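S.K.: As a plain string of letters, each chain reads:
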Amino acid sequence: MKIAIASGKGGTGKTTLATNLSSYLAEFHPLVLVDLDVEEPNSGLFIHGELIHSEDTFKKIPIWDKNKCTLCGLCQEVCNFHSVIKLGNQIMVFPELCHGCYACSELCPDEALPMISEKMGELKYYETGSFSFVESKLDIGQEQAVPLIAQTIAYVEKTFPDDIVKLYDSPPGTSCPVIEATKTADLIILVTEPTPFGLHDLKLAVATMRELKKRFAVVVNRYGIGNDDVLTYCNGEDIHILAKLPNNRKIAELYSRGSLVYKEIPEVERELEKIAIYILNMKVRVKK
Amino acid sequence: MKIAFTSKGTNSESMMDPRFGRTEFILIYDEEKDEYTHFDNRAVEEIAHGAGPQTAQKLFELHPDILITGNGPGGNAATALKQASLIIFTGAGQMTVNEAYAAYKNGNLNKL
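Protein sequence lines, in the order shown, are assigned to chains A and B.
Residue numbers for the first sequence follow the numbering used here, beginning at 1 and rising by one.
Residue numbers for the second sequence follow the numbering used here, beginning at 289 and rising by one.
Simulated from the structure, these hints should not be mistaken for lab results.
Since we're looking at a predicted model, the values are computed, not measured.
We treat Cβ as the ideally placed atom computed from N, Cα and C, and that holds for glycine.
One or more hints might be untrue.
[Said to hold, decoys possible] Under the rule of at most 25 Å between Cα atoms (straight-line distance), these lysine-lysine pairs were calculated in the DSS-like manner:
(1) B:LYS393 - A:LYS86
(2) A:LYS137 - A:LYS158
(3) B:LYS321 - A:LYS86
(4) B:LYS346 - A:LYS66
(5) A:LYS214 - A:LYS183
(6) A:LYS283 - A:LYS244
(7) B:LYS346 - B:LYS399
(8) B:LYS296 - A:LYS68
(9) A:LYS66 - B:LYS370
(10) A:LYS158 - A:LYS119
(11) B:LYS370 - A:LYS86
(12) A:LYS2 - A:LYS244
[As the list claims (entries may be wrong)] Covered stretches of chain B (chain A as the covering partner; in silico rule of three or more C-beta atoms under 8 Å from a C-beta of chain A):
(13) 331–339
(14) 344–350
(15) 386–394
Isolated chain A, as found in the complex (with noise of 0.2 Å):
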């Protein structure tokens, strides 16, 4: 079972919501939590546990053969990202628009564009006693999240049984790497706000996840600020909220503590209540 929790708007409260409810859930079920949110990992200042395993990840990226290279152009064509140019009489790489997709390479009559590895980021893995937590993150300097986001997960589920429940705390956004990080859930978690800018997102947000045919339903954060567009929007449009955590300022001093929230706060409790009855209820389902 894989629940990714996304949002279109960024600082919606990805982060509050999948590391109260990786707490609140493990209580239930196994669980890990896993932060694919790999140009800026917050997850783990919520998170204290002991280092199990750490790794450097790689991308392939196509280096230039000089001497086998004919000077045909093919690699320029077939590179989607204009990563691969030919000016004159050499072929020049731009590491980091390359999404390492092997086109070049493989199609290269001469195999004068070899793909070698460079490093783009580290993945640790801890264990905090009531649940697994896995992070990566992008080395600075480093422009593409897929390749590493694609490796995390291959490594969470190589690592971790098919019947633990997968928390994955997604980037914000709906372009690439948002789709990476979802497209293999079984549910989407959709984290807005009821405010307009909220609203204007999580309509993209579902716009995306319509497309790829997935699952998906929505949590209001901050509930109590803002007006009731979001509510309305989502009724109309038959979508499920599964929780509305309240606007609160005790929430923000907990936050910003890095302590975890609903210990302390009973409605917010009751809330993530909500959602692991859901999701279990849900993976009862997927189990039939």
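Got chain A sorted already, so can you dock chain B onto it with the hints?
M.R.: Frame of chain A, contents of chain B only:
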């Protein structure tokens, strides 16, 4: 000398395009022949990544001696343009092409 301008139109009355990678047109002025030719670069609007290297590659094929632009090329484009032994002038983003040419002749642009 062949001089390339990043421009929003196809003649010398056009405004300059301050952007390099996503410039709408590349206008080439051949000083010896006293004539302008242009390359339509608007296809670059469609691409999400790698506009800089792509435009640099087009520019390379046009073989100018000098490039006059606005903000100056970004990192990837600058790396590519280093291969082109091209002299680059920036700071002409808010001018017409004619004004940019005059500013270049009077030494009023910034050499990169």
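S.K.: Against each hint, give a clear statement of whether it holds in the structure.
M.R.: Cross-check of the supplied hints:
{"no.": "1", "hint": "B:LYS393 - A:LYS86", "in the structure": "32 Å, violated"}
{"no.": "2", "hint": "A:LYS137 - A:LYS158", "in the structure": "19 Å, holds"}
{"no.": "3", "hint": "B:LYS321 - A:LYS86", "in the structure": "29 Å, violated"}
{"no.": "4", "hint": "B:LYS346 - A:LYS66", "in the structure": "22 Å, holds"}
{"no.": "5", "hint": "A:LYS214 - A:LYS183", "in the structure": "8 Å, holds"}
{"no.": "6", "hint": "A:LYS283 - A:LYS244", "in the structure": "22 Å, holds"}
{"no.": "7", "hint": "B:LYS346 - B:LYS399", "in the structure": "21 Å, holds"}
{"no.": "8", "hint": "B:LYS296 - A:LYS68", "in the structure": "41 Å, violated"}
{"no.": "9", "hint": "A:LYS66 - B:LYS370", "in the structure": "18 Å, holds"}
{"no.": "10", "hint": "A:LYS158 - A:LYS119", "in the structure": "21 Å, holds"}
{"no.": "11", "hint": "B:LYS370 - A:LYS86", "in the structure": "13 Å, holds"}
{"no.": "12", "hint": "A:LYS2 - A:LYS244", "in the structure": "22 Å, holds"}
{"no.": "13", "hint": "331–339", "in the structure": "holds (count 4)"}
{"no.": "14", "hint": "344–350", "in the structure": "holds (count 3)"}
{"no.": "15", "hint": "386–394", "in the structure": "violated (count 0)"}
Hints 1, 3, 8, 15 from the earlier list are contradicted by this structure; the remaining hints agree with it.
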